[in-house]
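Asks: Sequence:
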Amino acid sequence: MNGTPVPTNGVAVATAQCPSGYTVVSGGYTPQPNSYAGLGEKGHPINNNTGWEVPTTLDNTPGATITAWAICLPVG
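Under the numbering used here, the final residue of the sequence shown carries the number 57; numbering is consecutive throughout.
Check the hints yourself; a few may be wrong.
Computed spacing ranges between beta-carbons, pair by pair [to be verified]:
hint, residue 1, residue 2, range
1, 41, 6, 30 to 38 Å
2, 38, -2, 21 to 29 Å
3, 38, 2, 32 to 40 Å
4, 11, 39, 14 to 22 Å
5, -10, 54, 36 to 44 Å
6, 0, 41, 21 to 29 Å
7, -12, 25, 18 to 26 Å
8, -17, 28, 19 to 27 Å
9, 44, 2, 31 to 39 Å
10, 4, 44, 27 to 35 Å
11, 56, -12, 29 to 37 Å
Calculated from the structure, these hints are not laboratory results.
Idealized CB from N, CA, C, for every residue including glycine.
I would like the entire structure built from these sequences, with the hints used as guidance.
Replies: This is the structure we're talking about:
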């Protein structure tokens, strides 16, 4: 899984989608490399609870990425 690049002069948004027929109940993110100092902020459900979105602040760590993840449960 490839992460979303974090720019040095802006904001990045990483997204994780649930499979069809599932709804998101929570989520989070994983930063790379471990020296990345930025924080994922205000992660929240998207698209009628079909995924999780995490905006992140800029960072000066070359090659920094974040990967969003979602915890999904079957609907019904």
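Asks: Does each hint hold? Answer for all of them.
Replies: Each hint, compared with the structure:
1. One distance hint, 30 to 38 Å for the beta-carbon pair residue 41 and residue 6, holds here, with the actual separation near 34 Å.
2. Between residue 38 and residue -2 the C-beta distance comes to about 23 Å, which sits within the given range of 21 to 29 Å.
3. Separation of residue 38 from residue 2 is about 34 Å and conforms to the stated range, judged on CB atoms against 32 to 40 Å.
4. At roughly 18 Å, the beta carbons of residue 11 and residue 39 sit within the given window of 14 to 22 Å.
5. Checked against the hint of 36 to 44 Å, the C-beta distance between residue -10 and residue 54 comes to roughly 38 Å, which is consistent with it.
6. Evaluation of the 21 to 29 Å hint for residue 0 and residue 41 yields a failure: the beta carbon distance comes to about 36 Å.
7. For residue -12 paired with residue 25, a C-beta distance near 21 Å keeps the hint of 18 to 26 Å intact.
8. As the Cβ distance of residue -17 to residue 28 is approximately 21 Å, the hint placing it in 19 to 27 Å holds.
9. Range check, residue 44 to residue 2: Cβ separation about 36 Å, and the 31 to 39 Å hint holds.
10. Take residue 4 and residue 44: their Cβ atoms lie about 34 Å apart, and the range 27 to 35 Å holds.
11. A hinted range of 29 to 37 Å for the beta carbons of residue 56 and residue -12 is consistent with their spacing of about 36 Å.
Hint 6 from the list above is the single one not met by this structure.
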